[in-house]
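*Asks:* Starting from the structure of chain A, add chain B where the hints point.
One-letter residues, chain by chain:
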Amino acid sequence: MTYTFKIKDKVYKIDIEKEKDQTVIQIDEKDIPVEFHKIDDHMYSIILEGKSITIGVLRNGKKLQIFMDGNLFEIEAISERDQRKSPQTLSGVQEIKSPMPSRVVKILKEVGDEVLVDEGVIVVEAMKMESELKSPIEGKVTDLLVNEGDAVEAGTSLLIVSSE
Amino acid sequence: MFNKILIANRGEIAVRIIRACKELGATTVAVYSDADRSSLHVTLADEAYHIGGSAPAESYLVIDKIIEVANKSGAQAIHPGFGFLSENEEFAQRCEKEGIVFIGPSAEAIRLMGDKITARKIAQDIKVPLVPGSDGAVTDVEASVIASKIGYPVMIKASAGGGGKGMRLVRDKEEFESSLRMARSEARSSFGDDSVFVERFVEQPRHVEIQILADSHGNTLHLFERECSIQRRHQKVVEEAPSSAISAKTRKKMGEVAVKIAKAVNYSGAGTVEFIMDQNENFFFLEMNTRVQVEHPVTEMISSIDIVKWMVRIAAGEKLPFKQKDIEMQGWALECRVYAEDPETNFMPSPGLLKYVKAPSGPGIRDDSSIYSGCEITSFYDPMLSKLVVWAENREAAIDKMASALREYIVLGVKTNIGFLIRLMDSEEFRQGKIDTGFIERHPELLTPGTVDLEPALIAAALAVDDLDQTEDSSKQDQSNWKLLGRKAALSGGSLI
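First to last, the sequence lines map onto chains A and B.
Heads up: the first sequence at position 122 corresponds to 122 in this note's numbering, and the numbers run straight through without jumps.
Heads up: the second sequence at position 267 corresponds to 267 in this note's numbering, and the numbers run straight through without jumps.
Covered stretches of chain B (in silico footprint by chain A; criterion: 3 or more residues with CB under 8 Å from a CB of chain A, positions within the stretch not fixed):
1) 406-413
2) 452-464
Think about it this way: if two alpha-carbon atoms lie no more than 27 Å apart in a straight line, the pair counts; the simulated DSSO-like pairs of lysine-lysine are:
3) A:62 - A:38
4) B:355 - A:63
5) A:63 - A:97
6) A:97 - B:355
7) B:358 - A:51
8) A:38 - B:358
9) B:355 - A:8
10) A:30 - A:10
11) A:63 - B:358
12) B:355 - A:51
13) B:355 - A:38
14) A:6 - B:355
Which chain B residues face chain A? A few, computed with CB under 10 Å, are given here:
15) 342
16) 355
17) 356
18) 417
19) 420
20) 423
FYI, nobody ran anything at the bench for these hints, they're computed from the structure.
Predicted model only: the values in this text are computed from it and were never measured.
Note that CB positions come from ideal geometry on N, CA and C, so glycine has one too.
Only chain A is shown next, with the shape it has when bound in the complex (with noise of 0.2 Å):
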């Protein structure tokens, strides 16, 4: 799996490859052996070449915190996988959340109303840009948790639309 990650402009790309018990990450053309373990929430080890390296994991959508020796980096995140996701694998209860902080504008769709893959299901603004959000899913909407007019922060889940 090849990862493609940002960080101020610049794109790294590494590989990961998974034989058995090993895994070696390919940075750079540079194939590196590596153990990993998760030793807590957020929290993983790594041993790199001899290397003992704890470092905490925080991922909100594609944007990773990385923090390791007192310093927090941000990552943004774009995984091969990611593109070839199609929403129609997906089911059961998904989040309609505010990719940022923004304004509810108009909510299209009310608790019980069904939806269609891809129907917009309410729209928000952010820097006077208006943005219709997508169900991912065909269902119906279980919860509405926020009203017109309302200032929601980055990731606050906006609405409920379930398969099931």
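*Replies:* Below, chain B alone, put in the same frame as chain A:
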């Protein structure tokens, strides 16, 4: 000794005081605002009472509410901690009236030292060295005349000030008028009082202060000095004891001066006399803080005296069992204030949910904090997360220990100044003790990580994303009703992201 003590504060200092009171055998009473229901001081205390909204003005600053809880719970004494009502004369008076012991000095001592102009007059009367400046509050015209007389650079300070608010450094005459205007308006909005005074600005000053401990039987002693020259926005970030800049002779003299000031206002309890010191060890009285100081732990580490416990014992009428000559200092202590703030954007506070917290430990390491994995840092209060304190045999060893301990500290979820503190500990000038209050401003390179090997971070990112994707996939496959239910419940609360 008191049977029951109310702690009128929150955060790490409330936790520190609760622990001390418990060790003294007293039942502890916490008070809390809406935002603090799950704070550590509430869960640690024996009793806890809700006192109102999250904004301090609706809870921790409301005298009536705190007195009401004291009466209802039967607390015999109140420890105010620092900030909030700790230096509020009216609160101390009110406690007295209600027959509750205020753990601190008399309302009169708070009043005399609380007003900087009065404090300056007292110091002047007993021949304590002062920075040349205006005798008290000044009009705009007077201010400008005095500034020219004492010579630039000058400092404009709010009479009712504290924490760097309403303070302006003026380097030349042209800037004076606009700086004066800004200082007044800041003073008005922060303290409701726009009177200011003017004094000479000491170049490359070091901030050195003396810890006072006085009982109500006439014994007033000092526990040596602390140096707090590493400041950002006029607020302390790193403190140490002793100071690397003062000789035994100056230490003795400064201690005696501080004791003299405390005696002049019949001080009792713990207090701090702050001085500004130039590069030739000339020191001038700044102010006296009539409460426990944030940085009191460094003094405790070198003197082996528990300041908070002594505050309580003194308030209960106990006599200090030791004399000045009995107090010895040993080794070196350092404190770093770990803040939820971003050094890269002028130390802007960074509130948020702490997803994971792990404090360092080991011999000589003390972490005074109230944070834990899952707690929330709100924007209602100071963004200080912890006071990391270390003790070692000398300054160099203490810095090494601090640098190592900071590298062990993990705080996930908000921006912190930990990386900055590590770079500060590693910097040659700091290690050599070449510090003054302008140190951070002079070293902007310490604010950013600089050249860091990003490879491990990128590898970790890739492995973590891979791991998280797999976990999410498997949880999707066996999504149970319980999980769904929990998720819905959490969402309807609207607090989960």
